[in-house]
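Heads up: the protein sequence lines correspond to chains A and B, in order. Just remember that this note's numbering sits 59 ahead of the position in the first sequence, which is counted from 1. Just remember that this note's numbering sits 1213 ahead of the position in the second sequence, which is counted from 1.
Rather than coming from a laboratory, the hints here were simulated on the basis of the structure. Using N, Cα and C, we set each Cβ at its ideal position, and we do this for glycine too. Heads up, none of these hints are tricks.
For the chain B half of the interface with chain A, some residues (derived, Cβ under 7 Å), not all of them:
| id | residue |
| --- | --- |
| 1 | Arg1221 |
| 2 | Leu1254 |
| 3 | Phe1256 |
| 4 | Phe1300 |
| 5 | Ala1304 |
| 6 | Pro1438 |
| 7 | Asn1445 |
| 8 | Thr1459 |
| 9 | Leu1463 |
Computed footprint of chain B on chain A, listed as stretches where at least three residues anywhere in the stretch have a Cβ under 8 Å from a Cβ of chain B:
| id | segment |
| --- | --- |
| 10 | 192-202 |
| 11 | 285-293 |
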Amino acid sequence: MKNVKLQTHQLAPYIFISPFFILFAVFGIFPIGYSIVMSLFNWKLTGPVGFIGLENYINVLTVDPYFLKSIGNTVILLITGSLLQHFIALPLAIIVNSKLVPRKDFFKTTYFLPYVTSTVAVVIIFSNLFDANFGLINYIIEQFGGKPYPWLSMGLGIKVALSTVLNWKYVGWNMVIYLAGLQSIPADLYEAAEIDGAGTWRKHISITLPQLLPIIFFAVTLSIIGGMQIFEEPFIMTGGYENLGGDQNSGLTAAMYLMFTAFKAGRLGKASAIAWILFIVILIFNWVNRKVIDHFSGKD
Amino acid sequence: MRGTRFARIITYLVLGLFSLLFAFPFYYVFVLATWPGDRVLEFPPHMFFGNGVQENAQILFSRVPYLKNFLNSLGIAAISTVLTIFFCTMAGFAFAKYKFKFKKQLYQFVIATLAIPGFLNIVPFYKMMVAFKWINTWLPLIVPGMAGAFGIFLMTQFMENSIPEEILEAGRIDGLTEFGLLMKIAFPLAKPGMAILGIITFIGSWNSFTSAMIFLPSVEKTTLPVALSMLNSRVDNNMGGLMLGTALSLIPIIIVFVAFSKQIIAGLTAGAVKS
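Extracted from the complex, chain A is given alone in its bound form:
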């Protein structure tokens, strides 16, 4: 009797965690593995029409005019929409964390709200703000004597509008991550520096930044993984697959081109190849990020 009980005790945890592994095998590993197979075929919506080896990959990387363009757009938006905002988020976190601010939760809530808002709603609102004829942004520009700009129908304007949306939506998220990191730095580090006569600026450079490096790595990694997959914002803002990212394909991101290739052009094999190339690009970027952080923490 005791033996049986011991057995269920040993077996129970495996049963409790099994749903994850079953679902991941069926809906994760299997399709991920299968997409490698599909990427080696000329695979239309109806099915495979011939094994072509690495041709999809070669075609995407050398001949296809849109793919490299889409990677370029994605990298630009990654920088202007996802990475540069860390220079806003971290100082903002330091300010919110300062002793001068009593109601930190109010600011946390306000800054974080965009992050939990649906992308569709956000883009609809910002499309309105950036409207060429009646948008609030052009109105403000005109009040200051500037000329209105057709944001959503010019290549550059599309990038500005998309970057604005991404910054608006994610600065609060990064700010809150940094705030959590700041609050975990031991206070006596700062006290020691104060005794040595270090000013505010000095303290942040020599204590805050080094202490936060692991958090910065974490936050930037999330930004890279998320930023390289940007799809919904440009998709909705530039009016779906049909426009291929608007003027000069300026809003065509790699993920959007992948989706276009699969669900609009029906070229499933090629879309699978794009997915794997994009995955490798993300791995490289994260590796670079790791190297940069290691460099600053003196690990290499």
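With chain A's structure known, arrange chain B on it following the hints.
This is chain B only, laid out in the frame that chain A set:
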């Protein structure tokens, strides 16, 4: 003393400015939702409420089955939430409170899957959904993610500290089975963690767009964000209806978030502090 006063003013100026930047678009969409369709876009832009809500509502409900979309979103989010809480609490209980072979490796594997980009499996996954005849059903939006890695991570973190070993031992002596321990001891004690996971899951499901667009192409069967995007891309787009639809879709999220912001933020950023 003068220095601190100056610093205080600058601090509040900066924080106030950012608060305005983040809050204004929400205010603005509610303002525009109250102006009739042909007057939403006007120069100078509206800053105060109009009186076109009724007209906008009529247009909105005549162009998309808004109430149906609302209920679809609600149904999918509610079922996802309940199932996610159940499966993730169960797995979290195992990782937090049992000793078993390969536990560490299995847990690290679960966490590592969080870094896999969502697009990597999308093409074959779509073919699978077609083969399963799951297109235009709620299943693709509920089943694959219902034992999600993030939820398992969150519940493991939570249960490590909230369930004392002694209570589990006492339960075993009282003759509870392992499943009994889960249902009678773990679930009640994990309630605060389950609430956080539930709210986060609900918000995520409510906002999700891409998978709903792919797997629920029919306007009758689809969710709010997809219906809004359909409305947005219509040639005869009526701005009043669109703005009202958008504003209404935000209300549940704003209420839930403002009520539970502290817990939601703590839950969503749990990974940052632990990393």
